[in-house]
Amino acid sequence: MLRTISSRISRRFYTTSRYETYHGGAIKTYYNPTLTGLSPSENEFREAVWEFSARVVKPKVDEIERGGSYSALMELHKEIAGMGLHGLTVPAKNLGLELGYTHHLLAMEALSYSSASLALSYGAHSNLCVNQLSRWGSEAQKSEWLPGLLDGRYLGALAMSESGAGSDVLGCMKTVAKKVDGGYLLNGNKFWITNGPKADVFIVYAKDVVEHGAKQTYTTFLVPRITPGFTTGKPLDKFGMRGSPTCELIFTDVFLPPSSILGDSQHHGAKVLMSGLDLERLVLSGGPLGIMQAAYDTALEYVHQREQFGVRVGTIGSMQAKIADMYTKLNTARAFVYSVARAVDYHTQEAAPGYPVFQRRDCAAAILYATDKAIEVALECMQCLGGNGYINEYPAARYLADARLYAVGAGTQEVRRWLIGREVNSDFE
Amino acid sequence: MRPSTTRLLNILVPVKRAVDYAVKIRVNPQQTGVDLNVKHSMNPFDEIAIEEAVRIRERLPKGSEPVTITALTIGPPKSVETLRTALAMGADAAFHIELPETAPAPEPLGVAKAVQAIIEKQLNSVDMVILGKQSIDDDLGQTGQMLAGLLDWGQATYASKVDLDLEQKNAVITREIDGGLEQVCVKFPLIVTTDLRLNEPRYASLPNIMKAKKKAVTKLTPADLGVSFKPQMEVIKVTEPPKRVGGTKVESVDELVEKLKAAGFTAVS
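Line by line, the protein sequences are chains S and G.
Just so it is clear: in the first sequence, position 180 is 183 by our numbering, and no numbers are missing.
Just so it is clear: in the second sequence, position 135 is 285 by our numbering, and no numbers are missing.
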């Protein structure tokens, strides 16, 4: 009785500010734009990519998840190119939009909201491959590959992990590049490679053959799919991210000319690899953020539609607590990740002398936190949907399976924690 | 300006910033309208109008007359966002007739007079004005027709297909009417209002959004054009539609007729 009276009263005096926003007719979200600290032009950008995600990606989600020949993914790859999203961090002289990592993060989040699988493939293409090529490639390499990678003709990938080399990627790497007459011979296998089954060009990290007792060095290569001796395995059957193609790469005496080395010279592969990882962590943090917002929106709508005991279940105390926790986790994770992105862009563009060097610990912390919270929120979303959360017609299961990837993809939570600790401790050395 | 022997095709597209079509609207507490503190975007029929203008340009064979598309909006400062969308979709330049934030929403006659003033005072020559058939906030559907009357131009409303003949200087337009489809041929200059099935508007790509920032937006006041937007209509009351009540099942036709008679329905012969 008291509850119905109070709800009648509150309805008459409802305030007119609501957080629900609509994008492209297909997305209704409770994303809170007042907490983001984005500039007006960043907000305009954000609205444009959410509109794109709603109109172009969301209608294709089921098709993307089915995988198969990944034709939906490849079509969307071209649409994303038309939108200009592949070269967000690439300089204008190389046909990119010359924007910041904040923009790349926002694009990643918007795409991940509709389809985390698509966003993962997009992230691997646009950040792991395109951005590395843009930062380290020679002018010849950039003019050969960037136009096609940016306009959607080519799909890119990056290969560092191996079945025996995950967290200890450098120490356990077995893929070897041996100097031969006129170039290098590449032998080995790479594993868990996103976009592997469909990519046209791969950035591959390999160990150099060094003399006994000498320091181990690494070299980064640009390897086109059609290079003789290079084959890919069949797509891996994954728990989540089922719309993103993943597979093994096999190199058998693959001959590579010196012009395929990425970076100013050979043996600097470790530097190229490590520097890319920080930016990868930052941009991919958009993945869990997008999933989290989708999970929250789904749970919130559901608990205000489902009625039990004569009331909407969202008004029952224990459910209110769930919503409160989900809301808080979502917004704190986002506020932190956006702050790190801002700091990275500031450092890249305007940092004055004396400004602290680029903080590796913050990029690791961003994805560490966003991932943990995304898995928690997705799990809670499944619980909020009750029995329906267990049925695959509802998206809760997909959110959870997709979120779970980020605990091991782009690095494990354990490595992120170890890295942050190491970075902080190095201040005391 | 380079002198040229071929005349430009000039298309004017007035656009309106309205409540986004996906928003679940609520009547405001004063019952004078709906809660406007919600997302706004370009009226969907106006998006179709801009899209058609851009497609007309794309359909012309390469090397033919250049087409200039000018967008126009009337509203508070925020309306410039709608112009930016139009520019990002392919319009070349835009006019913003700025009204104060507190001014009442313009009515079709006021809008039509303002568009007429823009055509007569600001633009060199206009071959075609494409408007949305109605705006989704007031659903009045009068502006295109009033404009045609004021300018004494031909009009083709509820267009679902537009084909221009630049040699003959006319357009063959398919209209959606109650009975089906009607084809009309209208001489230049003309007014076209768009219906839903005319085209599917493109989303603005980021490169185009960034290019649009550099395109010209000319700001004008109603006084500059010599028009007034003084309302001619007053909204007395806005309420939600009555909640649907459950129906009842009847056992026979006789019972149905009895119930209809009791409800006040009489037979019409």
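Just so you know, the hints here were simulated from the structure itself, not pulled from any lab data.
Heads up, some of the hints might be wrong.
[Claimed, not checked] If we take Cβ atoms under 7 Å as the criterion, some of the chain G residues that face chain S in the derived model are:
| hint | residue |
| --- | --- |
| 1 | Asp-170 |
| 2 | Val-173 |
| 3 | Val-177 |
| 4 | Lys-189 |
| 5 | Phe-338 |
| 6 | Ser-355 |
| 7 | Ile-359 |
| 8 | Ala-362 |
| 9 | Ala-366 |
[Claimed, not checked] In silico BS3-like links for lysine-lysine, alpha-carbon gap of 27 Å or less:
| hint | chain 1 | residue 1 | chain 2 | residue 2 |
| --- | --- | --- | --- | --- |
| 10 | S | Lys-145 | G | Lys-361 |
| 11 | S | Lys-81 | G | Lys-393 |
| 12 | G | Lys-409 | S | Lys-61 |
| 13 | G | Lys-364 | S | Lys-31 |
| 14 | G | Lys-174 | S | Lys-325 |
| 15 | S | Lys-31 | G | Lys-411 |
| 16 | S | Lys-332 | G | Lys-393 |
| 17 | G | Lys-189 | S | Lys-61 |
| 18 | S | Lys-63 | G | Lys-174 |
| 19 | G | Lys-271 | S | Lys-31 |
From the three backbone atoms N, C-alpha and C, an ideal C-beta is built for every residue, glycine too.
Okay, the hints, checked on the actual structure:
Interface restraint check for Asp-170/G: the shortest CB-CB distance to chain S comes to about 5 Å, inside 7 Å, so the restraint holds. The interface hint given for Val-173/G is met, as the beta carbon of that residue sits about 6 Å from the closest beta carbon of chain S, less than 7 Å. Annotation: Val-177/G was flagged as interfacial toward chain S, and the flag is violated, the nearest CB pair being 11 Å apart, outside 7 Å. The interface hint given for Lys-189/G holds, since its Cβ lies 5 Å from the closest Cβ of chain S, which is under the 7 Å cut-off.
Taken as an interface hint, Phe-338/G does not check out: its beta carbon lies about 33 Å from the nearest beta carbon of chain S, beyond 7 Å. A distance limit of 7 Å between C-beta atoms decides the matter here; for Ser-355/G the minimum to chain S is near 5 Å, and the interface restraint holds. Below 7 Å, beta-carbon pairs count as interface contacts, and Ile-359/G has one with chain S at about 6 Å; its hint therefore holds. About 11 Å separates the beta-carbon of Ala-362/G from the nearest beta-carbon of chain S, more than 7 Å, and the hint is not met.
At a threshold of 7 Å, the smallest CB-CB gap from Ala-366/G to chain S is about 19 Å, leaving the interface hint violated. Pair hint Lys-145/S plus Lys-361/G holds up; C-alpha atoms about 24 Å apart against a cutoff of 27 Å. The straight-line distance between the Cα atoms of Lys-81/S and Lys-393/G is roughly 47 Å, outside the 27 Å bound, and the hint therefore fails. Restraint check: the Cα-Cα separation between Lys-409/G and Lys-61/S comes to about 49 Å, which exceeds 27 Å; the hinted pair is violated.
At most 27 Å may separate the alpha-carbon atoms for a hinted pair to count; Lys-364/G and Lys-31/S exceed this at roughly 31 Å. Distance check on the hinted pair: Lys-174/G and Lys-325/S sit about 26 Å apart at the alpha-carbon level, within 27 Å; holds. About 46 Å separates the Cα atoms of Lys-31/S and Lys-411/G, which puts this hinted pair outside 27 Å; it is violated. The straight-line distance between the Cα atoms of Lys-332/S and Lys-393/G is roughly 39 Å, outside the 27 Å bound, and the hint therefore fails.
For the hint pairing Lys-189/G with Lys-61/S, the CA-to-CA distance comes to about 20 Å; that is within 27 Å, so the pair holds. Between the alpha carbons of Lys-63/S and Lys-174/G the distance comes to roughly 24 Å, so the proposed pair stays at or under 27 Å and holds. With a C-alpha separation of about 43 Å, the suggested pairing of Lys-271/G with Lys-31/S is violated against the 27 Å cut-off.
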